[in-house]
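Colleague: According to my numbering, the stretch in the sequence shown is residues 5 to 242, in order.
Some clues are possibly wrong.
Said to hold, decoys possible - Derived DSS-like pairs (lysine-lysine); straight-line CA-CA distance at most 25 Å:
| hint | residue 1 | residue 2 |
| --- | --- | --- |
| 1 | K192 | K211 |
| 2 | K107 | K232 |
| 3 | K211 | K200 |
These are computed hints drawn from the structure, not numbers from a lab.
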Amino acid sequence: MSLSIEESEIAAEETLQNLSSQMFKLRLYSVLLILFGCLISGLNVYLFVLPIDNEIINIGLILPAVFSLLFAFFIVSRRRKTERDFINQFDMTELFDVSDEQKRFEEYQKILAVRIRESSMNVSPLMNRGGDEKGPDWGKTDFKMGVEPVRRDALIESDKYDGLEDELTVGEQLRAVADQNYAEMAQKRWAEAESKDVDLIEYGVEKLGDLVRTDYFETNVEEGIFSKTANPEDKDSK
């Protein structure tokens, strides 16, 4: 079932809220670890100033401070990686370099809403495949040689075909969408080629079909052009 625009926007907002919650927790953990490391470092400096000659105490305070700071920087990098994995999942890598986080998340929500709505749409072309391997009854069960078969009214016996059709599989739907996209791309390339064709520009026409109404083919006739076009190997061998 396809989602409406409002439902897809709500789903996108919920997804971004989960991402924001994860990133906020990572930021909070990193800040707490940095504060803990600074606190331990300050305590270590304070004990170092005091006349206490105990290397075990100093080392025991230095190590937790160093590890906490290193772990904090690891969490900061992990926070960035979490966002990067998110935008890679939904193909929004072009927004990763936007410095303003609020603006970046607004763009995330717009694109994510479109992605969610597109994924929920049931793309089903007009052509369906039959789910029954035997197929419909073509009237051959009562056919006899030399006898004209009785005509069957399709409307009367239409109940026989109920349930034989089935939706296209995911792979077939992707193939249909790819064919449509390629057809549009081919049409665009054809239009661009026609707009740049020297002969069309010279004769003042826009379409190749319009060139037939001019004297182009009469003035540019060439003997044996069809055989040369159909057999380019013969031309190269000569």
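Colleague: Does each hint hold? Answer for all of them.
Modeller: Now for the hints, and whether the structure bears them out:
1. K192 / K211: 13 Å, holds
2. K107 / K232: The hint is violated at about 60 Å.
3. K211 / K200: Measuring from Cα to Cα gives roughly 11 Å; hence the hint holds.
Taken one by one, the earlier hints fail for this structure only at number 2.
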